[in-house]
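Participant: Sequence:
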Amino acid sequence: MKIANRNTTGIIFNIQKFSVNDGPGIRTTVFLKGCPLRCKWCANPESQLVQTQILWDQKKCINCQHCIETCPKNAIKISEKSIKINHSQCSGCKKCVCECPKNALSAQGEQKSVEEVLKIVLQDQVFYEESGGGLTLSGGELLLQPDFSRELLLAAKEERVHTCCETTGFATQETFDWVMEQVDYILFDMKHWSSGKHIEGTNVSNELPLLNMKHAIENGKTVLPRIPVIPGFNDSLEDAKEFSKTLHNMGINKCQLLPFHQFGENKYHLLNQKYDYENVPSYHPEDLKEYLNVFKENNINAFI
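The sequence shown begins at 7 in this note's numbering and counts up by one.
Just so you know, these hints were derived from the structure itself, not from any lab. Glycine is no exception: its CB is placed at the ideal position from the N, C-alpha and C atoms. Please note that a few of the clues may not be correct.
Ranges between beta-carbon positions, derived for each pair [what the hints assert, rightly or not]: (1) E180 x N259: 53 to 63 Å; (2) D183 x N209: 21 to 31 Å; (3) E244 x S211: 38 to 48 Å; (4) E180 x K79: 27 to 37 Å; (5) K295 x S97: 21 to 31 Å; (6) E116 x D183: 20 to 30 Å; (7) K295 x G31: 46 to 56 Å.
Please model the entire structure based on the sequences and the hints provided.
Facilitator: And the structure:
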């Protein structure tokens with residue numbers, strides 16, 4: 007049997023303990039950086055690049071420009087009284103963060119080894135055993151860091167920890183199967199049933215995700231499709247019907263609906279990025295009653 011290489015490193019941006027929405031039971035969710043999709047409503051825009059990113063809080067900034075003087079890569083500029091960070095030039099050294107007098111700069115993304123992450127995960131092993139929980143890998147997209155993801159999942163299983171992941175499924179079938187071999191429970195993001203609309207909302211087609219979802223089900227994996235219900239994108243009753251048809255074709259009769267929220271809105275400001283869903287009202291469960299009923303009418307056990 008293969009033994010995990012616990013020295014393998016990856017870049018993560020958060021470890022969230024006592025998660026109860028990322029798989030069964032009480033879990034520790036590890037958020038990996040890097041995603042091949044560019045969803046216009048993304049709640050974690052700081053997860054999209056596989057590198058350390060510097061965030062700027064305009065409310066704390068006193069415009070001293072010391073960060074510009076400090077940066078060894080000349081990656082920081084000022085434009086129209088705003089700090090602009092060129093992430094392609096930034097080396098992630100965090101010197102600007104350390105020297106900012108008002109803590110207006112912060113860093114997202116840190117290299118960690120499998121062993122370092124696993125030590126944190128195992129701190130709550132007793133809660134996993136009592137609740138049927140475990141480790142969940144999220145992001146970003148774990149398939150964009152396949153070596154680190156597989157080794158961390160394998161190490162968790164060596165410690166008898168249940169494994170789960172939240173994935174877009176956007177990877178070659180070879181990579182998908184190789185990583186998912188170590189996953190007990192797959193939360194599968196399903197953005198749209200139409201390839202054209204999927205491209206419009208995420209910049210990529212849904213062909214690979216749907217192929218990988220079907221393949222996982224055929225291989226006997228436990229899969230829960232999760233549909234983020236996004237205003238003006240996939241929230242019509244016709245969309246609900248088409249999602250139901252797609253799920254039936256996959257051999258699935260259950261899914262979770264995730265109402266659109268604005269938890270990530272401020273992150274776009276910190277990254278100095280445009281946000282297409284600025285000031286769009288969040289959805290609440292009561293807003294999706296008719297939408298939910300369409301799934302049930304089509305024999306899909308949908309829940310929120």
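Participant: Under the constraints set out in the numbered hints, which ones does this structure not fulfil?
Facilitator: Numbers 1, 3, 5 and 7, in rising order.
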